[in-house]
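Take a look at the letters that make up each chain.
2 protein chains.
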Amino acid sequence: MHYFYHPDLTQDFIELNTEESEHCIRVLRHRNGDSVRLTNGKGTACLANIINDNPKRCSLQISEFIIDELPNHNGLHLAIAPTKNINRMEWLLEKAIEIGIYKLTFLNCEHSERTHINLDRLQRLSIAALKQSQTKWLPDIAISNFSQFIDVNHDTNADKFIAWCDDKNNVQLTDFNRNNQEMILLIGPEGDFSGNEIEMARRENYKEVKLGYRRLRTETAGLYGCFIANILNFQHT
Amino acid sequence: MHYFYHPDLTQDFIELNTEESEHCIRVLRHRNGDSVRLTNGKGTACLANIINDNPKRCSLQISEFIIDELPNHNGLHLAIAPTKNINRMEWLLEKAIEIGIYKLTFLNCEHSERTHINLDRLQRLSIAALKQSQTKWLPDIAISNFSQFIDVNHDTNADKFIAWCDDKNNVQLTDFNRNNQEMILLIGPEGDFSGNEIEMARRENYKEVKLGYRRLRTETAGLYGCFIANILNFQHT
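Quick mapping for you: the protein sequence lines, in order, are chains L and F. For the first sequence, position 134 (counting from the first letter as 1) is numbered 134 according to the working numbering, and the numbering increases by one without interruption. Position in the second sequence (first residue = 1) + 237 = the working numbering.
FYI, nobody ran anything at the bench for these hints, they're computed from the structure. Do not take every clue at face value.
As the list claims (entries may be wrong) - Simulated crosslink set (DSSO-like; lysine-lysine; CA at most 30 Å straight-line):
| hint | chain 1 | residue 1 | chain 2 | residue 2 |
| --- | --- | --- | --- | --- |
| 1 | F | 368 | F | 321 |
| 2 | L | 84 | L | 168 |
| 3 | F | 340 | F | 368 |
| 4 | L | 207 | L | 168 |
| 5 | F | 279 | L | 131 |
| 6 | F | 340 | L | 42 |
| 7 | L | 84 | F | 368 |
| 8 | L | 42 | L | 131 |
| 9 | F | 405 | F | 279 |
| 10 | F | 279 | L | 168 |
| 11 | F | 368 | L | 168 |
| 12 | F | 405 | L | 131 |
What the hints assert, rightly or not - Output of the computed footprint for chain L on chain F, the stretches with three or more beta carbons under 8 Å from beta carbons of chain L:
| hint | segment |
| --- | --- |
| 13 | 331-345 |
| 14 | 451-459 |
No residue lacks a Cβ here, since even glycine has one placed at the ideal position from N, Cα and C.
Could you put the whole structure together from the sequences, leaning on the hints where they help?
Pasting the structure below:
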């Protein structure tokens, strides 16, 4: 059954925005009376019937909420320096949503090769990924400077990790039990974090970890983090 | 330092094939006396100096073998039904080589949406991925019918798993300790394995497992298997 996004499912009657209406009515050719699924991207999903198949302002009546026991997300807040090739980040975003990421922040680091991110485009892509993978969680996507990110998360209860290529460190992310619902994982640019950045993270008690025994590309490392968060989340709760 | 592929590093002097010669001399503009790295894709890597910068038949002298303690591969023999969209398989192949897969077989299943695979193209892509990720293991890539695959691996010592969407089964691949150096993981097409195929696997003692708690796309499931093989491999030896 086709799946559409609407941020607010608290009313009985809802109207899709232009983009979703077009997808539903023009592309997928749904008509009055058809039943589809909706999600608000915040853990709620429901069944709804189309009552006005207007291709610009499709409206629906909610018939039933869908209850399942799957967690909405894996609790991972991934903060990652974007790669020069933005396709690799878009790919990561799509996969991360499929796997169930909680939040995604693009970090502007000292060694970053890319500083510009088109947030609008990524948010549109994330709605497409949400619908395609039929999940119920649309992660917040943000952009932040490294130091600003560290400051903002000063008081968090999350488990905090920083992954970097330290030849002397053999502590793996998988060595940790999961203590909290949320974990933050910092992943640096191809040229890695600067010494200054690593020092800032240390002062804020980020645990230094490795992601396996190979040197992974940035986006592969991000994906590794997503999978590990799922495993730790489900195995330790 | 640039990395090139040559299947045989047992001689002091080696000559790259046309494709590798062109990449080395024409694309990357190496000249006589330059030092590069070579791998045979079977775990051996070395340094070598260019002694003839012919763009069709570049020859080199091996100067030194590179010794490290990283395992060559993660022991995973992934047998997966190819997706209709071959890009998703090419992407999986690239990532699987980066992560360190041992072998990859494309399975022709009852519900397969794609039966044709261009093996030559995938082998060329895998050499490119090997060089790009600077790993030392070029996995064997094969195509097989499901039943033929099961028969051929009848006498293997590998741990054998089949992942399929059984709502009644909650056994996770991550629940197992790794007993052997090699593990086989079967992943089916979008429409899943047929009842007949699952029965065949059961008779050959494949353990039925899940890959996390979400329904993943075929290529994401394959990648999950690659990461888990790394984790089990390193944590239990």
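Hint check results:
1. 368/F with 321/F: Cα-Cα ~27 Å, so holds.
2. 84/L with 168/L: Cα-Cα ~28 Å, so holds.
3. 340/F with 368/F: The given pair, whose Cα atoms are some 17 Å apart, holds under the 30 Å limit.
4. 207/L with 168/L: holds, 14 Å
5. 279/F with 131/L: violated, 42 Å
6. 340/F with 42/L: Violated: residue 340/F and residue 42/L sit about 40 Å apart, past 30 Å.
7. 84/L with 368/F: Holds, at roughly 20 Å.
8. 42/L with 131/L: holds, 13 Å
9. 405/F with 279/F: Violated, because 41 Å separates the two Cα atoms, which is more than 30 Å.
10. 279/F with 168/L: holds, 27 Å
11. 368/F with 168/L: Distance of about 26 Å is within 30 Å: holds.
12. 405/F with 131/L: It holds: about 26 Å lies between the C-alpha atoms, which stays within 30 Å.
13. 331-345: holds (count 4)
14. 451-459: holds (count 5)
The structure is inconsistent with the numbered hints 5, 6, 9, although it conforms to all the rest.
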